[in-house]
Amino acid sequence: MPFGSVTCFERTLRGLAFAAALVLPVASQAGEVRFNGEGHAENPAWSKDGKYLAFEVNRFEGDIDMYFAEMNGDISKDSMQVKLPGASSGFSSSDQVVMDATWHQDGIAVFEGSNKGGQLRLYYAAPGGSVAAEMLPTTKAPGGLSFPTISPDGNSLAFISDQTGNGDVRTWDRSTDNLNQLTATPVSESFPSYSADGKKLLFTRKENNSLSIYQEDIATKSEKQLASGAGDETRPVYAADGSIVFFSAGKTEGHWDLKAINGDGSNLHMLAEGIRLPIRARPALTPDGKWVAFAYDDPTKANKIVLETIDGSKTIEVPSKYVACGEPAIGLQNGRILLAYTALPSADADWRFLDVVDITDKF
Amino acid sequence: MNRRTASLMISLATAAFSGAILLAPAVAQAQSSAADTQAEKFRLTEEMKRLAQRNAWPGVEAKYEELLSLKVPLDFDTHRLAAQSAKYLGKTYEVYQRLERAFEVKADPDVKSEKEQIDSKYGRVKLVGNERWEVTLRRPSMPFAPDERKSVEYAIMVAKESGGFTGMLPVGHYIIGAEDAKNTREFDVKTGPDFQEIEITHDLVTSSEGLIVYHGPVAFAGYAFTATPAPTSAVLTADGSKMQAEPATKRGSGVAAEVGYELGFTRLFAVAVTFDYRDLFESQDQFHGYTGALYGLLRPGNLRIGVAGIYGRWGGQGSGVYTVFNNGQGPSYQRKDIIFDGQSWAGGAKLSVGYGLLDFDPLQGVVELGGSWQTDGSRNFFSGGIRVGIVPKVPRFHE
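Residue numbers (the numbering used here), protein chains in the order written: chain W, 1 to 363; chain H, 364 to 762.
Certain hints may be false.
Which bits of chain H does chain W cover? Going by a derived footprint, with three or more residues having C-beta under 8 Å, they are [stated by the list, open to error]:
#1 477-488
#2 646-658
Across the chosen pairs, the derived CB separations fall in these ranges [claimed, not checked]:
#3 H:Ser-504 with W:Ser-313: 33 to 41 Å
#4 H:Thr-529 with W:Thr-139: 24 to 32 Å
#5 W:Asn-36 with H:Glu-494: 31 to 39 Å
#6 W:Gln-119 with H:Arg-413: 19 to 27 Å
#7 H:Glu-549 with W:His-269: 47 to 55 Å
#8 H:Glu-479 with W:Thr-139: 39 to 47 Å
#9 H:Glu-429 with W:Gln-181: 38 to 46 Å
#10 H:Pro-503 with W:Asp-348: 55 to 63 Å
#11 H:Glu-479 with W:Asp-173: 29 to 37 Å
For the record, the hints were derived by calculation from the structure and aren't laboratory data. Positions of the beta carbon are idealized from the N, C-alpha and C atoms, including for glycine.
Just chain H, with the same shape it has in the complex:
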């Protein structure tokens, strides 16, 4: 097996190891029994009720979304409670949808009359804009009823944060555009089953995001396992006159740390520039790697997937040189006793997959698995590990 093949196999093994770590929970989830799903459904339903008793309506919303993701039938009371939480938050369209689901479970006359009441007072509206825009929605005369007011306030907030709105609004007159704006668009909401679609043009926008949607520091610390197989052929000095005392195959673990800065161009795509340090310790041997990286990042939801080109310096000292090395050693002068001390510059690539777990707005705490490969032309460095860190939080609007 030549050196290139060995390097490739080790790279694949590292990637497979990282992938297995990431996929294991998903596999376990897929294999969970129906009883587990029912238990989870019961737990979430009870949590919904507890949160509702404390008027913690955003929490009730989150639990209901989790229940829906289980894709199991939910009971009448659960849909009703979810409708109530949506009502408290001003999400009238969601109220209507959840009442419909409740009515499908049980044809309750109160649910029917509540739906009819919404149909008699609200219309369906779709304001089509762009998530990079801040759109001002106004209603010159706010409704008297608190639930209608909340509905309008909710729509105003959604339009401001996400550049558009799809939902239900109380019947009445509305304006897109700030009070002092040069251009505005007025429209009337009427009752009816169809959505009234209104396109928001750029001239109506209050403000829009620049090239950089978000930015912030990146910092990680963790544990890394590094392996650097011995070259299989002689490595000569630059002038080709002598053989270098390349270390034998070394593997060990140590710390890994990375700092840098991330720039997000969209809510999905970002780049980051970082500086990484990691080391390898094995017995008396030690290696230190200092690497710069340029990342391309994908940030869907709480995931952070990065691919980077890397270049840096690996230095090491210890004892034990590769089997190719021949300097007239005898029984009293083993290769394993030959000391090495040197450095090389290596380039390569890096892959990391992380997940945001904690919120430190405007930053986010993440856990990442990653692996890297570098080569100096003669020798490969493979590294993989797990680390925790902070990255900038992607500003997303959650309805």
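Next up, chain W with everything else stripped away, as it sits in the complex:
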């Protein structure tokens, strides 16, 4: 990630602008998602109704803050910071790590969080609330918890637990309040993802120093490897037609591609080569599950977000006036399709910011 050199004068100007923004009435520009403080905006995640956008701000000082932005179309109000219990007040470093939000249709976001040096746990918060609360108490789900994902019907939550040491897939059922352990292996699993009917889970497993993709039937706990190779295959998600989209690293280190396979693991095909791997998001599908959004890693092609159908038959480009675009996320609000993505305002900018664009008319 390029960092431009910044002179003392420019830092002073930015500091004054920042101070002014805190004091003066705020007027959000169309598209830009504002927040107090500075850092890289990353990992946007839309609520189911497209009314809110959760995102992270990372200063690479050990803490990561999460914010909720309320969206009026592509206009956002100033974002509200999500605080964990025990958070320090004020605008200084929060000493917390809050990240990886997933939304429930009730308007609640579930995410990972920890106080500095503490254990990662799952928390939940709704926009407008002041402090997040723990989703599953330690008495119920001890150990570090991460990678939350919610089933499409909103009735269960899958996550990774390191209670046994390495990271196993577990689910929580909201009607019975029961936990279910789906994997119990000596290796680590990550990135669980539900099928549309909620009966299967995809996940990544690290074995033999590489990442592979597995699918598990939740009821029978039978699993099947769908994709593996010399490189890493990771962060799988189901598309609308049952095929699976994932990131694949093969050719050279740091080089990532976007690939897809049929639901049974056949028909492996390339969707895009040389893409910019998001910080921790899965492939960004449209709400109807028919398109996937991505950005290129090549700086000459990184001034746009690209959308492609899962079968590779169609492509749409969304040009941006910014550079180093990445981390796309697609939301749906009252029938309007909104694209959120991060970018550098200029090649020498310090921090990535978050932009929102209405792309309904592109389809």
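Given the structure of chain W, go ahead and fit chain H onto it with the hints provided.
Relative to chain W, chain H alone:
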């Protein structure tokens, strides 16, 4: 002064003595200074914080209730902490009330937004039933968010234990009545400032309590002081031919023990049947009383107030007869040396006031003060004392 007047005065004195013992702490409390109240407020506030650090939320609730009873202004952080403890327990309406109190102290924007969030997700509901009923409240689809789930679970528990519910519930569809019940009633909770009142009729009830709400053994042991004044006029034998050698005025102390059984018809009113023993020892004299009692009891909170009709036998032996006795005594044959040994049957009344201090569910440890009066027609027996014992605990639901 005749015998009746003397008996009445002694009875009043005993009652006054017992009352003074009971009222003394209340008088002392009323007279405590503002500094004492502030010290108590500080102590309770610190205890609240310590309990919160240990996640002992029922304890935090209890301390907050004690703070409210002091009727002194509380600070913002105290109300906030109390709101947090209510949240952990699922008491959403209490959360809202405590946030309101906190906001009155300081117009904090986080408190305002938290109240608004509750207003946007919860509605106010009053389910009107009867505390003797067990009512089943259900929500077919439980909420996803843990705090909303706790709110529903709390309401379900309150309805089951107390036959009704007043509070806030997450917006959604609810059912009164068990899944296999013949009759159920469905209702929807919506947001809004007004309480939606729903009457629970008997046909919706899962079960109701019988005639006896609770029952259990009663047992006491303690110390009693007994006085039996000498009759002031001659007491004759049944055929009226001879004068009885009634003991002189005797007073002394000894043990008192009582066992029996209590039946509660409501959570306030009960009856008990007991058997009591007490004795009086003074020098070489001894008296033993064996009495049966039928109590009417009031059990408000931890108080136990009893009034009983009693009847039993007093027996005594010793020396020293009443001044009325005249059997030709001379200097070498004093009344004080005349031995008495006899018994009589006496009826009367008893009053006791106790307070429950310890919990041995389903029993409760109590301390009681009591006094009694009995008369055999010629002689009175006054007794008073303090005792400890166990009684059945009244099953009450504490929210």
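Now for the hints, and whether the structure bears them out:
| no. | hint | in the structure |
| --- | --- | --- |
| 1 | 477-488 | holds (count 5) |
| 2 | 646-658 | violated (count 0) |
| 3 | H:Ser-504 with W:Ser-313: 33 to 41 Å | 40 Å, holds |
| 4 | H:Thr-529 with W:Thr-139: 24 to 32 Å | 30 Å, holds |
| 5 | W:Asn-36 with H:Glu-494: 31 to 39 Å | 52 Å, violated |
| 6 | W:Gln-119 with H:Arg-413: 19 to 27 Å | 24 Å, holds |
| 7 | H:Glu-549 with W:His-269: 47 to 55 Å | 52 Å, holds |
| 8 | H:Glu-479 with W:Thr-139: 39 to 47 Å | 31 Å, violated |
| 9 | H:Glu-429 with W:Gln-181: 38 to 46 Å | 44 Å, holds |
| 10 | H:Pro-503 with W:Asp-348: 55 to 63 Å | 58 Å, holds |
| 11 | H:Glu-479 with W:Asp-173: 29 to 37 Å | 31 Å, holds |
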